[in-house]
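For the record, the sequence lines run as chains V and Y. For the first sequence, the numbering used here begins at 3 and goes up steadily by one. For the second sequence, the numbering used here begins at 246 and goes up steadily by one.
No lab work stands behind these hints, which were simulated from the structure alone. As the structure is a prediction and not an experimental result, all values here were calculated from the model. There may be inaccurate statements among the hints.
[As the list claims (entries may be wrong)] The list that follows gives simulated cross-link-like pairs (lysine-lysine, DSS-like), each with its CA atoms no further than 25 Å apart: (1) V:72 / V:30; (2) V:114 / Y:351; (3) V:128 / Y:482; (4) V:196 / V:208.
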Amino acid sequence: MGITLIEVSAIEYSINRFHLGPISLSVKGGEVLGIGGPNGSGKSTLLRVMLRLIRPTRGRITVDGEDIEKMTQHDLSRRLAYLPQNLFSPLNLSVQDVLLASQYSLERKSNKLDAIINRYGIEDLKHRDFNSLSGGEKRLVMLIGAMTQDSDAILMDEPDTFLDVDKEIQVMEEIMNLRESGRSVVVILHDLNKLAKICDNVVMLKSGKVIAYGHTDEVLVPETLEKMYSASFRIEQVSGSMRIDAFPKRRS
Amino acid sequence: MFKTLRNFSTSERFSKSGLVFIISLVLLLIAAVSSAFIGVVYISPEEVTKIFLSQIPYLGHYFSAGINVAHQSEIIVYLREPHILGAIIIGAVLGVGGAVIQSVFKNPITEPYMIGISSGAALGAVLSIAIGLTILGVYTLQLLAFIFSALIVGLIYFFSLRSGRVPIVYMLLTGIAVSVFVSSLVAFMLYNSPNLASTSEVFFWLMGSVDTITWAELIPVALLSIASMFVLSLYSKELDTIQLGEDYARSVGVRVESLKIVALTLVTISVSAVVSISGLIGFVGLVVPHISRLVHGGSNRKVIPSSAILGALFLVLAYDVSRLVIPPKVVPIGIITGMIGVPFFIYLLRKLAGGYYAD
Numbered sequence: 003m004g005i006t007l008i009e010v011s012a013i014e015y016s017i018n019r020f021h022l023g024p025i026s027l028s029v030k031g032g033e034v035l036g037i038g039g040p041n042g043s044g045k046s047t048l049l050r051v052m053l054r055l056i057r058p059t060r061g062r063i064t065v066d067g068e069d070i071e072k073m074t075q076h077d078l079s080r081r082l083a084y085l086p087q088n089l090f091s092p093l094n095l096s097v098q099d100v101l102l103a104s105q106y107s108l109e110r111k112s113n114k115l116d117a118i119i120n121r122y123g124i125e126d127l128k129h130r131d132f133n134s135l136s137g138g139e140k141r142l143v144m145l146i147g148a149m150t151q152d153s154d155a156i157l158m159d160e161p162d163t164f165l166d167v168d169k170e171i172q173v174m175e176e177i178m179n180l181r182e183s184g185r186s187v188v189v190i191l192h193d194l195n196k197l198a199k200i201c202d203n204v205v206m207l208k209s210g211k212v213i214a215y216g217h218t219d220e221v222l223v224p225e226t227l228e229k230m231y232s233a234s235f236r237i238e239q240v241s242g243s244m245r246i247d248a249f250p251k252r253r254s
Numbered sequence: 246m247f248k249t250l251r252n253f254s255t256s257e258r259f260s261k262s263g264l265v266f267i268i269s270l271v272l273l274l275i276a277a278v279s280s281a282f283i284g285v286v287y288i289s290p291e292e293v294t295k296i297f298l299s300q301i302p303y304l305g306h307y308f309s310a311g312i313n314v315a316h317q318s319e320i321i322v323y324l325r326e327p328h329i330l331g332a333i334i335i336g337a338v339l340g341v342g343g344a345v346i347q348s349v350f351k352n353p354i355t356e357p358y359m360i361g362i363s364s365g366a367a368l369g370a371v372l373s374i375a376i377g378l379t380i381l382g383v384y385t386l387q388l389l390a391f392i393f394s395a396l397i398v399g400l401i402y403f404f405s406l407r408s409g410r411v412p413i414v415y416m417l418l419t420g421i422a423v424s425v426f427v428s429s430l431v432a433f434m435l436y437n438s439p440n441l442a443s444t445s446e447v448f449f450w451l452m453g454s455v456d457t458i459t460w461a462e463l464i465p466v467a468l469l470s471i472a473s474m475f476v477l478s479l480y481s482k483e484l485d486t487i488q489l490g491e492d493y494a495r496s497v498g499v500r501v502e503s504l505k506i507v508a509l510t511l512v513t514i515s516v517s518a519v520v521s522i523s524g525l526i527g528f529v530g531l532v533v534p535h536i537s538r539l540v541h542g543g544s545n546r547k548v549i550p551s552s553a554i555l556g557a558l559f560l561v562l563a564y565d566v567s568r569l570v571i572p573p574k575v576v577p578i579g580i581i582t583g584m585i586g587v588p589f590f591i592y593l594l595r596k597l598a599g600g601y602y603a604d
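Bound-form chain Y, shown alone (with noise of 0.2 Å):
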């Protein structure tokens, strides 16, 4: 497949856009059903498609008399499909968070967990683990991981303004340098904790994982994400546009401090919102947007819809392998990203980008 990819004509990439755009969400669809196959219980597919189609308003109730078992029915409405599709908004908004926080910082190698959003979720988990908050009730964690990496990527960007504006470049070293401040305070934190266990739980929070969420975590971040990726996909232009300096941008027309603070409280609400619930999911949102762009071309009218889509096939899959590989455990997804992600990128770099990343 990349062979073909690589051998086709630039122009023909172009038109051949809305082909892999529609590819890919058949994919999509078809790793989105399949993965309810996956499980610790077996459930033949016949019943896993029967359970489906009993969802259906209205006319679910033709379908639900075949159910034979009804736990089998209660595992998949409540156990695999909220992780299947949390995979998917995860994958989805850290996808659009990349190539949103990419264009932003004109630079190929940030994503969206480096304006703070990481080390802030950090801080609020270890608070609700390590100190034991629970002032907020059952999601004390999720919400003190949500409210802190908010927190964190406002307290950069205003550490980062001068005069009014915000230099990219100062918000990415003031990210970098307030993120290795915060870790350390989430590492003293730990050190000083006189509860062992917490440390390991932060440390598996840490590393992601999508087979927790309920439906009722994921359905207030589903919205959160859903409404913040639509309206960054209405940027695109000015995203493109900001890509050439934020000077040319300027004289184009483009009110780049207002787009900046647009495009970075959507991602920061969305991403810190998906990692509320899943932990720390890794490499997605640096990856995704760049096979985008390979496959796309780099305009963010593509890029944004594609790393959508991209991202949640990706989580889709890489949450079907950390399934499979030692049963019946189920490896943190984080490990799988990471592990996966990796080598497919260098080889795709390896075998596509030869004249685009070429100095």
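Only chain V is shown next, with the shape it has when bound in the complex (with noise of 0.2 Å):
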């Protein structure tokens, strides 16, 4: 892993009754962080602070050393790449319009895309109406258009959502190459496995405080997702991986 690329410094955000943080994090070039916790944890809050989609009411944020509060709007962009979870429906965009979209800070279109969408195999939907495409069809097209920024950092909430069995394996592929290009990802998961397999740090959050953060190998351990979930905990390693299984809690 190369040098830190984000530094998140003590910040805290409230709505409502809402308080997230003080959380502080880094992450470096070329790794992917993780972030875990039930409904309601303050995960995709702490990516939207992240990318200065909301002001956080303390603490501050930084990429390569550089206040983000003090970036225009194109040079953060160029920083980093965004997947929401959630999709607005566009009125009668086709795929190839939302993906022109993505390319909206970069001087011409990369030469990646088409490239890309021939990986995918989605050649076919380039002309159709975005929102005439299924869930995990439309979450596959915004995605390649994050990847294509060329930014230094992608920050996903839940990429997997809605994907086909065959399209998670490739979204999660290619997450790790990603990193192994020296790219940063950010990546919000439900998924105890997905987290275990495919994050090098993790951050758990519950009622948007941190839980636990470090390597994935120390977070992810029975005694700290029992803090978490009301649910008992099993983790094994099967064929140099980790997995992680879950059981009712018995009533003690």
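Grab the two chains, each in its own frame, and use the hints to assemble them into the complex.
Spelled out as structure tokens, the structure:
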């Protein structure tokens, strides 16, 4: 892994009765940082704060040492790309139009775009109305858009939602490829096994607080997970990789 | 024609876009020229053509010799031409305004009037007609309609501000609420007005018409409108991106709040300007962008120019109908756009839109 790319220092954010933080973490070049936790724990909020889509009430975030508050929208978009969780239904934009929108801050359309469309075998979707796609196809198109923005890091909010199992494997592989090429990925995943499989480091949130943060092997342990979810956990090594099983919690 | 359109595969439709643009421009030209043949006074197409040609700078005198009656020339030049050109400009502005507002609000059932333009213009008009204000000279009504529609949009924008940003749903709801308030104010002023005739005058003004437009009104409005539409067309990429959500647009580098200010300001200026000389012509801003999207797909690179051309064409044809239904009367054009536009739109939706709007 390279030098520190994103540095989050003691950020806090409050809205209504929800309070996030304080959270400090860092992401190095070529690192995959996973964000996990139950529903409503603040995962998406953390991601949106990191992207300056919402302003933290305290703390600061830097990318390559530069405060993101001082960056222009254009410069920030060249550093951090985003795959949102919720997608709006645009007014009859074709898949091609949506992909062009993703390339907004690039001087010209990425030459990788056509190659990656071929790799995913979605050439036939190019001229379809984006709204007519299935949930999984939409997500895939947005992911392709994010990956071809040539940013230093991609922040993904549940990239695996609605995907068929083959596309899901492809997406996970793509994240590993990004990592190989020295780009960073911050990814929210609900599935603990996927977190274990692809992340170098993991931060686990519950009710806006960090429960654990560190190397995946150290964070994803039964004691931590049981603090977060009301379930029992068993973790085994199966052919060199970690497997996490959850069971209903026994009443004592 | 619609059957053929529906049978295009989407990729075919994209390659046909250029052709559709050329066809609709030619249709607009034919409609505009032939519209000058219609009127209470019959002027033969031959005479109309001569009068048109006589207006060409430097070359006009070669044709003016053949014109038979001088007053025919005046009818064409001072009445029919500003009315038809007015219809073209107004239709184009309402079409483009609709396309832009629907993109900014990410909502297919919005139109420019919904951000307060219509109620503001009505307030300006009623101040001039019912109270009899003449402080701004002969064009007091037009100027007040323009100023008040811009003021009301500004007020709605200001009320919707939340820590430096304008959440678009707030603006839509505030727009509806303020419009109801302003409309009540207008109704109250009319109710209280000692002059009953003013009520019908306001009513007629609100229904919209192009057959009172003069060159003196049209030229400044046309310049403002063309400039606004040109600048708006430069933002088509940003307007596509914002449809995928404001967060997403920011994440790819769009300055969303600036975009909203620029788009809303230019739509307000151009739509208020055309409303000030025509009154409220409904339905164009809602329906025309949809027809454009059905024909060209959703990207504003095509929807904005197409909405300008189709909006102009639609209004010129509506103006023809308004003069032909019960001659020599001219039915207010707003009545025609509603009566023709709505059934046509419903037909189009049923014929073409199968996959587009089905959730």
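For each hint, the structure was consulted:
1. V:72 / V:30: holds, 21 Å
2. V:114 / Y:351: Not satisfied, since the Cα-Cα distance of roughly 29 Å exceeds 25 Å.
3. V:128 / Y:482: With a Cα-Cα distance of about 18 Å, the restraint between residue 128 (chain V) and residue 482 (chain Y) holds, given a limit of 25 Å.
4. V:196 / V:208: Roughly 19 Å between the alpha carbons, so the hint for residue 196 (chain V) and residue 208 (chain V) holds.
Checked against the numbered hints above, the structure violates only hint 2.
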